[in-house]
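Asker: Two chains, two frames, some hints: make the complex.
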Amino acid sequence: MNSASQRLWRTSPLTYCALVLAVLFSIYPFYYMIVIATRSLDAINDVPPPMTPGDSFGDNFGRVLDNDAANFVTGLINSLIVSSVVTLSVVITGSLAGFAFAKLRFRGRNVLLLSIIVTMMIPTQLGLIPLWGMIQDLGWYDTLYAVTVPFLVSAFGVFMMRQYASQAVSDELIEAGRVDGANTFRIYWNIVLPALRPAAAVLGLLTFMETWNSYLWPYAVLTPENPTLQVSLAFLSYAYYTDYSQVFAATAIGTVPLVIVFIVFGRQIIGGIMEGAVKS
Amino acid sequence: MSLPATTAPPPPAAPPPDPSTPRRSRAHSLTRLDLKFSPYLYIAPFFVIFGVFGFYPMLRTAWMSLHDWNLVGDHTFIGFDNYTALVTDEYFWNATVNTFGIFLLSTVPQLLLALFLANLLNRTFLRARTVFRMAIFMPNVVSVAAVAIVFGMLFQRDFGVFNWLLGMVGVDPVDWDAQRWSSWTAVASMVNWRWTGYNTLILLAGMQAIPRDLYEAASIDGANQWKQFWRITLPMLTPTFVFVVILSTIGGLQLFTEPLVFANGNITGGDQREFQTLAMYMYELGIENLNTAGYGAAVAWAMFIMIALFSLLNFLLVRRSVK
Numbered sequence: 001m002n003s004a005s006q007r008l009w010r011t012s013p014l015t016y017c018a019l020v021l022a023v024l025f026s027i028y029p030f031y032y033m034i035v036i037a038t039r040s041l042d043a044i045n046d047v048p049p050p051m052t053p054g055d056s057f058g059d060n061f062g063r064v065l066d067n068d069a070a071n072f073v074t075g076l077i078n079s080l081i082v083s084s085v086v087t088l089s090v091v092i093t094g095s096l097a098g099f100a101f102a103k104l105r106f107r108g109r110n111v112l113l114l115s116i117i118v119t120m121m122i123p124t125q126l127g128l129i130p131l132w133g134m135i136q137d138l139g140w141y142d143t144l145y146a147v148t149v150p151f152l153v154s155a156f157g158v159f160m161m162r163q164y165a166s167q168a169v170s171d172e173l174i175e176a177g178r179v180d181g182a183n184t185f186r187i188y189w190n191i192v193l194p195a196l197r198p199a200a201a202v203l204g205l206l207t208f209m210e211t212w213n214s215y216l217w218p219y220a221v222l223t224p225e226n227p228t229l230q231v232s233l234a235f236l237s238y239a240y241y242t243d244y245s246q247v248f249a250a251t252a253i254g255t256v257p258l259v260i261v262f263i264v265f266g267r268q269i270i271g272g273i274m275e276g277a278v279k280s
Numbered sequence: 281m282s283l284p285a286t287t288a289p290p291p292p293a294a295p296p297p298d299p300s301t302p303r304r305s306r307a308h309s310l311t312r313l314d315l316k317f318s319p320y321l322y323i324a325p326f327f328v329i330f331g332v333f334g335f336y337p338m339l340r341t342a343w344m345s346l347h348d349w350n351l352v353g354d355h356t357f358i359g360f361d362n363y364t365a366l367v368t369d370e371y372f373w374n375a376t377v378n379t380f381g382i383f384l385l386s387t388v389p390q391l392l393l394a395l396f397l398a399n400l401l402n403r404t405f406l407r408a409r410t411v412f413r414m415a416i417f418m419p420n421v422v423s424v425a426a427v428a429i430v431f432g433m434l435f436q437r438d439f440g441v442f443n444w445l446l447g448m449v450g451v452d453p454v455d456w457d458a459q460r461w462s463s464w465t466a467v468a469s470m471v472n473w474r475w476t477g478y479n480t481l482i483l484l485a486g487m488q489a490i491p492r493d494l495y496e497a498a499s500i501d502g503a504n505q506w507k508q509f510w511r512i513t514l515p516m517l518t519p520t521f522v523f524v525v526i527l528s529t530i531g532g533l534q535l536f537t538e539p540l541v542f543a544n545g546n547i548t549g550g551d552q553r554e555f556q557t558l559a560m561y562m563y564e565l566g567i568e569n570l571n572t573a574g575y576g577a578a579v580a581w582a583m584f585i586m587i588a589l590f591s592l593l594n595f596l597l598v599r600r601s602v603k
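Heads up: the protein sequence lines correspond to chains A and B, in order.
Sequential numbering from 1 applies to the first sequence in this note's numbering.
Sequential numbering from 281 applies to the second sequence in this note's numbering.
Just chain B, same shape as in the assembly (with noise of 0.2 Å):
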């Protein structure tokens, strides 16, 4: 952060005007509005845009949640009652645990491998580090929508590859989408193929933060590579830790496509919901189905509350448990 000295505007340099001669004199003038307006003007379109696009429909769905509103037109005022129709709602239940469950699958494992993968890519004499931090970050590139249909695939019953590689250890061909726990492996590992890389280079930017001279230190008080990492590498992550862990939650607990796609656009997310998630709900009751907006928005907050509150959990646990 600068001084604000340094970021004021330089004070009239050149002595007042000479009052004899208008034409400066207005110039002068109209520098002082440019000075004391354009600011304004040019953070205004995002405030105008993100106020009508973003927070306006926002706070909409608040005031939706509280009626029985119907996206065509019809509303009338319920207060609370699609909150409490929620808690008996077996449907949100089921959303709410797929929603979960997917999300332990997912990020547990990814967090792991890209803080493993980050560890090897900080290697200082590590040749071709570009080329390999290139090919790590690669899945992120590429569509959710196109990787759900190649995974769709991989994972297909009869003729896919997972299914024939398991059928080389001896396995039974794996109905994928049928049942919960592989419809959930199916869909976490979609997941996690697209976002370790990812999470590998931010975590990575934490570690080269780090100060040399403190392995250096420890490594002349004879700590090996392991001590260094749990005493040292680990502890001054913790800021970039923090960070990646709130941005998978907030990611994950809003998952969406790579279940309807895997679903072959069937937003009830199988036959039986086996891995319909919360936003895939919000989405069939407020949007495939009119009538039902404002439980739909309802459904919304409530997954809004859920992630603030998660993350802030995950916030105090990975703080206490790092430190």
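Chain A with its partners taken away, still in its complex shape (with noise of 0.2 Å):
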């Protein structure tokens, strides 16, 4: 690169001082979070507001776990098990889709990745009314079936695997495998789905966190006596009013696992939302 564009493309102080404040404006509300989940209940209601932690923790996580209304293990267990469940068939029907999509021949392929493209493009709210008589039919309210099996499949994820596999699998290694004898389906276990395993895992991550931190519709679903974690921690707030330490406890129980995850993967996740963008 020549001086001329060194000059052009440095990056002044001025630059750092607003990337910065940008840090903190969005770092603040975790901070000021822990603040509050580790105050004392009386401390909250001080003026000034209170700026620095304290030291009542466990105080109020301990008021989280006898509060017998919010269910927060429960609500804590059953995210777990509802993110996994939903995050492992993501997962494993959008690349065994995105394979066939990418790289297998069949009739009427194009129309069908034309009408999974198309859906990506429509509100979920949409459905919203029919899907809760749906579910009160079936007998799934108020049960993890009924936040759970809707959201095994997603349209996303079958695009972007499709995206993936048509670049990262060569044509050759699938030959060859045929070459062996190889079914489709060893073909997709043995040399796509390993080929698969970066997006893969963008794609898991992005989908436990949007199910860990889904609301509404588990919230149309399910009842205080059987929460997920959103549910729990929305019902806590909203009953129990004036009790915020309590309710910011239970707030970053609930946060902190995801922020550790997205300490540990942000790398790949944020490489991943920025290679989608430029490709769509």
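Worth flagging that the hints you see were computed from the coordinates, not collected in a lab.
Computed from a predicted structure; not experimentally measured.
Note that the Cβ used here is the ideal one computed from N, Cα and C, for glycine as well.
A few of these clues could be false.
Negatives, chain A to chain B, calculated, CB over 10 Å [what the hints assert, rightly or not]: (1) Asn45; (2) Asn67; (3) Leu144; (4) Met209; (5) Ile269.
Pairwise CB distance ranges (calculated) [as the list claims (entries may be wrong)]: (6) B:Phe360 <-> A:Asp171: 51 to 59 Å; (7) B:Gly359 <-> A:Ile81: 21 to 29 Å; (8) A:Leu114 <-> B:Leu494: 27 to 35 Å.
Residues from chain B that keep clear of chain A, each with C-beta distances beyond 10 Å, as calculated [unchecked claim]: (9) Phe372; (10) Phe417; (11) Ala458; (12) Ala485; (13) Gln488.
Answerer: Structural data, given as structure tokens:
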């Protein structure tokens, strides 16, 4: 690069200042959450508002666990089950269909792929009311089926895997597998799936986070007796309006796993999002 | 897109199987069956589950909206009466105004800020860029419920941080959830906080796809950074920008959780419906009150039509103004 463009693309201290400011804005609510979660109940009503963490977290979290109305532990376990099952299923069904669309030839392939892309643009809320009725008719109200089964597949997952498979898996490798007498499923399992691993990891992380965080639908079909974590948080904050340290302790516990996952895998997640953006 | 020839299954490479060995020919016909049907088997899970739980309910919404429908079981066909009732429904228009108000307050500042941040992150010699990217994206990781709970507290009237900050510059405390403008601001700020980083990354990805020699040529011609941003970055970024605008439109017009949690679970969004959105109104009609499900379904379709029209409008506007 020549010197003119070096000057052009250099980073001024002002740039860093602006970025640091943006980072502080992004982080502050997390910090604030920890401040309130570790403060005693009366310290919260102080003016000026508390700005540093306290030492009452254990006490606050104890109140969350003792709170029979919130079923926080049930919510945590339910969220873990639902998110894991949905993630596993979305990755498997997405990679199978993505492999088929990218590497196999069959009648109607293009039309079917197009129909998947079109469904990605339709808001899910359009089917909300009848779906709620269907869940009642199936007898799934207040069960984990209601929040799991409808989300076992994802159009975005199929599309993303298809994009990745068409580049990452070479046709020669598949042909070699065929010559060796492998059937299609063995080719998927032994050749395609290993090659798709990076994309599968990103899809899995995104799906896990989305399922863990989903709110509207679980709120519609679950009761406080058998909640997911978000539903439990919601009922906690609605019912215990004044006990903010308790609510914030629960919110922090529900958020920490995601933040840890993000700090560990953030690079891949961000890479995946940015890559997906350019291709679409 | 690969050439058709490369995606075709390989022609039977082996010579035709010897008819004297029946075992081999059975294996061969199995292979043919496998090649012919297994693709359908692999895409079937998506189409079955999506068909039952995604596509069918959507069509059913349309059918329901033409009925006086009761989720408990009774229904009578009434044609387009639900839709004509919408035209004079005060609450429907209230929710529409709220939805678009919050949408504008969240989308416009959010995209401008994202454009600014993406441009900063696009500097070639930026240090610690992964850390910056991750930190800016982090708000998107947290659940909407958690965000709304935390912001609800920050926007508290008596001991919230925002009112305390306002007090320092001599402004009286604001009762954030009591008025339209203030509740819209509060809800929009949650949306802005959560989505700015996400949009920044998408725009950044678009910027990085722009060939660097364009900038080099421009700088040799003496164009400064500002000029380059307007003449090169923005025009080249149009497709990405359209994508981001449409995504924000779809999300923004469906806004539900932030206002609901901010209202402490009150589906009407404040005592005077100051911040009830269309999605909340639909939920109120269709699920909280089971006997107006048909009318709720009409709201759902009205919402969908608005989203589609508005996305199209944005698409045309953004394309024209940037090109």
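Asker: Does each hint fit the structure? Answer for all of them.
Answerer: Here's how the hints hold up against the structure:
no. : hint                              : in the structure
1   : Asn45                             : violated, 5 Å
2   : Asn67                             : holds, 15 Å
3   : Leu144                            : holds, 15 Å
4   : Met209                            : violated, 6 Å
5   : Ile269                            : violated, 8 Å
6   : B:Phe360 <-> A:Asp171: 51 to 59 Å : holds, 53 Å
7   : B:Gly359 <-> A:Ile81: 21 to 29 Å  : violated, 45 Å
8   : A:Leu114 <-> B:Leu494: 27 to 35 Å : holds, 33 Å
9   : Phe372                            : holds, 16 Å
10  : Phe417                            : violated, 6 Å
11  : Ala458                            : holds, 16 Å
12  : Ala485                            : violated, 4 Å
13  : Gln488                            : violated, 8 Å
Checked against the numbered hints above, the structure violates hints 1, 4, 5, 7, 10, 12 and 13; every other hint is satisfied.
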